[in-house]
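K.L.:
Given next are the chains, with one letter for each unit.
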Amino acid sequence: MSNLASGRGALFQKEKVDDLRHWVRENKPKGLMSKVMSEQEAIAKFMTEGCYLGVELYGSVRCPMSLVREVVRQGIGNLRLAGQGVLENDLLIAAGLVKKLDITYHGYEVFGISPVLRRACESGEVETVEWSNAALAWRFKAAAMGLPFLPVRSMLGTDTFTYSAAKEIECPFTGQKLVALPALTLDVGLIHVHRCDEYGNAQIDGISGFASEMARASKRLIISTEEIVPHEEIQKYPERTIIPYYIVDAVVHAPGGALPGEMPYVYWRDEKHMNLYFEQAKNAEGVEQYVEKWVRGTKDHEDFMKKLGGAERFEQLKAQATRR
Amino acid sequence: MTEYNKSELLICTAARQMADNTICFIGTGIPMLAAALAKRTHAPNLVAAFEFGGVGPDLEKLPLAVGGSRTFHRAEIASSICDLMEAAARGYVEYGFLGGAQIDPYGNLNATVIGDHDRPKVRFPGSGGANDIGSLCWKTIAIMRHGKKRFVPKVGFLTTAGYLDGPGAREQAGLPSGSGPYRVVTDLALMGYDDETKRMKLLALQPGVTAEQVQAETGFELMIPDDVAVNDEPTDEELRLLREEIDPDHLYT
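Residue numbers (our numbering), protein chains in the order written: chain A, 189 to 512; chain B, 129 to 381.
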């Protein structure tokens with residue numbers, strides 16, 4: 189199989205599949221043990237300066253925002269980051285914690301371009317390598333399959349390919365051109381779910397985005413959850429377990445953990461708070477004030493929830509949740 | 129005749145491009161409203177698909193995010209991005225909507241940067257699903273505001289493949305045969321692509337607009353056939369559906 193072309197972007201994370209197999213064998217607990225811990229403990233235990241981080245789904249929907257805020261509180265910097273991002277990656281960049289970004293989409297959706305990303309890229313503070321949404325998900329899939337790469341038909345013929353770290357190859361069977369996507373193994377993955385048991389067996393309601401692939405591509409996986417349910421509840425519907433306990437390292441109980449984003453069927457997004465963020469994000473001082481007040485200025489997730497309006501506000505947002 | 133604004137005109141023009149009994153990738157904003165309108169008019173069996181996994185939601189309430197719960201409300205399946213993108217790779221998805229900061233005569237789009245990639249003058253959000261949609265759907269429909277800064281001879285950064293540099297280039301690059309840009313919908317005109325040259329071609333003018341005006345707002349030579357149609361204005365019924373049923377809170381219009 190010959191290489192036809194190479195993207196000029198740097199490969200921010202290099203892992204060898206056999207090294208990973210050995211690492212998994214030695215480091216991942218296969219027995220059932222409680223992994224419930226606080227967000228402070230989970231982030232401090234598994235995240236390190238300069239590690240490669242991934243977050244799922246994305247800022248405005250089923251996103252582990254409470255864990256991301258804790259990363260900012262602990263100030264773990266020089267991060268390499270994968271995104272697909274809205275509020276979560278924006279917050280990490282705004283806090284000056286991101287060095288390298290494997291970017292697909294980073295913006296505010298219907299609210300437009302992220303001024304935080306603009307400032308970071310235009311000043312050269314954050315180095316970016318380009319991918320598409322599917323490419324990033326497929327890179328996780330490759331890692332989840334225990335493979336070094338996966339051939340796909342996205343990104344061909346474009347600058348998105350040229351500024352990626354992918355390679356163009358010839359199919360050994362048909363001779364056709366394909367893009368070889370390098371597997372992306374995360375040092376740490378953060379995922380917010382609807383419910384899980386103390387061991388980490390997790391269920392997600394609604395679309396699963398790229399949770400299944402990213403969870404399996406994470407060396408260390410921290411799950412935050414709306415609800416911790418008894419193990420028997422999981423055993424009753426094992427087909428619903430999208431993330432099995434043996435890939436999970438920490439379980440953090442975080443009702444409202446996706447706020448100000450939405451948690452499908454549980455609560456609607458806090459539009460008011462999101463607008464406040466988008467408004468403050470317009471300039472560096474504003475976003476710094478936001479981070480000071482709403483992240484560093486809150487002790488933990490519980491404190492953040494209090495500041496957001498406590499139980500009363502949470503009930504309002506729950507009442508607005510999409511019904512089945 | 130009811131008065132209408134530019135967004136409503138774009139939505140109606142886009143809606144009319146989609147055929148019934150097809151699957152269409154849509155994003156938030158105008159494409160979503162166009163799909164909702166097409167479903168309520170000529171294409172009741174049009175299936176809206178959202179790249180993070182929602183297929184065939186009722187769109188009773190407008191989604192605010194491509195992964196939000198409204199993209200799979202009473203849907204056929206709430207799946208995953210890999211599942212949806214792989215369906216497109218297998219040829220299931222007929223249409224995909226695209227937008228961008230720049231488009232060139234071959235329908236290539238820029239949604240990444242203006243200027244040097246590593247120290248850009250302007251950093252845009254990036255490809256997102258656009259590159260995949262432009263690679264894997266059969267036909268793409270771009271929705272843009274018309275203007276010389278947007279319709280450029282060559283995009284500053286080629287985020288999403290159109291016909292690249294002309295006939296046969298997509299196939300040469302390894303992209304699926306028979307796929308590519310289909311329509312460009314703007315506030316001034318509806319455009320398609322010439323079969324032979326794969327260059328952008330004027331198909332129809334928006335009401336009250338002249339071909340000269342369209343050319344003057346386009347930064348490259350547009351193919352202008354002798355006989356250019358004029359789009360019908362949004363009908364009273366289309367406007368009623370948009371205002372009363374689809375977007376009663378005027379989130380997008």
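Treat the hints as calculated values from the structure; they're not laboratory data. Careful: at least some of the hints might be erroneous.
Computed footprint of chain B on chain A; a stretch qualifies when at least three of its residues, placed anywhere within it, have a C-beta under 8 Å from a C-beta of chain B [said to hold, decoys possible]:
| id | region |
| --- | --- |
| 1 | 199 to 213 |
| 2 | 259 to 266 |
| 3 | 294 to 301 |
| 4 | 490 to 504 |
Within a straight-line C-alpha distance of at most 25 Å, the following computed DMTMM-like cross-link-like pairs (lysine to aspartate or glutamate) qualify [claimed, not checked]:
| id | chain 1 | residue 1 | chain 2 | residue 2 |
| --- | --- | --- | --- | --- |
| 5 | A | K355 | B | E214 |
| 6 | B | K249 | A | E315 |
| 7 | B | K134 | B | D360 |
| 8 | A | K355 | B | E299 |
| 9 | A | K355 | B | D246 |
| 10 | B | K276 | A | E310 |
| 11 | B | K249 | A | D207 |
| 12 | A | K365 | B | D360 |
| 13 | A | K287 | B | D246 |
| 14 | A | K287 | B | D244 |
Calculated from the model, a selection of chain B residues having no Cβ within reach of chain A, i.e. all distances over 12 Å [claimed, not checked]:
| id | residue |
| --- | --- |
| 15 | M129 |
| 16 | K134 |
| 17 | Q145 |
| 18 | D148 |
| 19 | H170 |
| 20 | A193 |
| 21 | N238 |
| 22 | P248 |
| 23 | R251 |
| 24 | S263 |
| 25 | D293 |
| 26 | G302 |
| 27 | D315 |
| 28 | L350 |
| 29 | E372 |
| 30 | L379 |
Given the structure is predicted, the values throughout are model-derived calculations rather than measurements. Built from N, CA and C at the ideal position, the CB exists for glycine as well.
K.L.:
Work down the list of hints and note, for each, if the structure agrees.
P.N.:
Against the structure, the hints:
1. 199 to 213: violated (count 0)
2. 259 to 266: Per the Cβ count (0), the hint is violated.
3. 294 to 301: The restraint on the region 294 to 301 of chain A holds, since 5 of its residues have a Cβ under 8 Å from chain B and three suffice.
4. 490 to 504: That given contact is violated, which follows from only 0 residues of the region 490 to 504 of chain A lying within Cβ reach (below 8 Å) of chain B.
5. K355(A) with E214(B): holds (20 Å)
6. K249(B) with E315(A): Between K249(B) and E315(A) the Cα gap is close to 15 Å, so the pair holds against 25 Å.
7. K134(B) with D360(B): With a Cα-Cα distance of about 14 Å, the restraint between K134(B) and D360(B) holds, given a limit of 25 Å.
8. K355(A) with E299(B): This hinted pair holds, its Cα atoms lying about 18 Å apart.
9. K355(A) with D246(B): holds (20 Å)
10. K276(B) with E310(A): holds (24 Å)
11. K249(B) with D207(A): violated (41 Å)
12. K365(A) with D360(B): Answer violated: K365(A) to D360(B) is near 43 Å, above 25 Å.
13. K287(A) with D246(B): holds (13 Å)
14. K287(A) with D244(B): Satisfied, since the Cα-Cα distance of roughly 19 Å is no more than 25 Å.
15. M129: holds (30 Å)
16. K134: Per Cβ check, K134(B) is outside 12 Å of chain A; nearest 17 Å; holds.
17. Q145: Fine: 22 Å to the nearest Cβ keeps Q145(B) off the interface.
18. D148: The claim holds: D148(B) sits with its nearest Cβ about 25 Å from chain A, beyond 12 Å.
19. H170: Holds: least Cβ distance 26 Å, greater than 12 Å.
20. A193: At roughly 5 Å from the nearest Cβ of chain A, A193(B) sits no farther out than 12 Å, so the non-interface label is violated.
21. N238: violated (8 Å)
22. P248: violated (6 Å)
23. R251: violated (4 Å)
24. S263: violated (5 Å)
25. D293: Given a closest Cβ separation of 9 Å, the condition is violated.
26. G302: Violated: least Cβ distance 3 Å, not greater than 12 Å.
27. D315: It holds; D315(B) is separated from chain A by about 18 Å at its closest Cβ, greater than 12 Å.
28. L350: holds (23 Å)
29. E372: Correct as stated: the minimum Cβ-Cβ distance to chain A is 21 Å, above 12 Å.
30. L379: It is violated; L379(B) is separated from chain A by about 8 Å at its closest Cβ, not greater than 12 Å.
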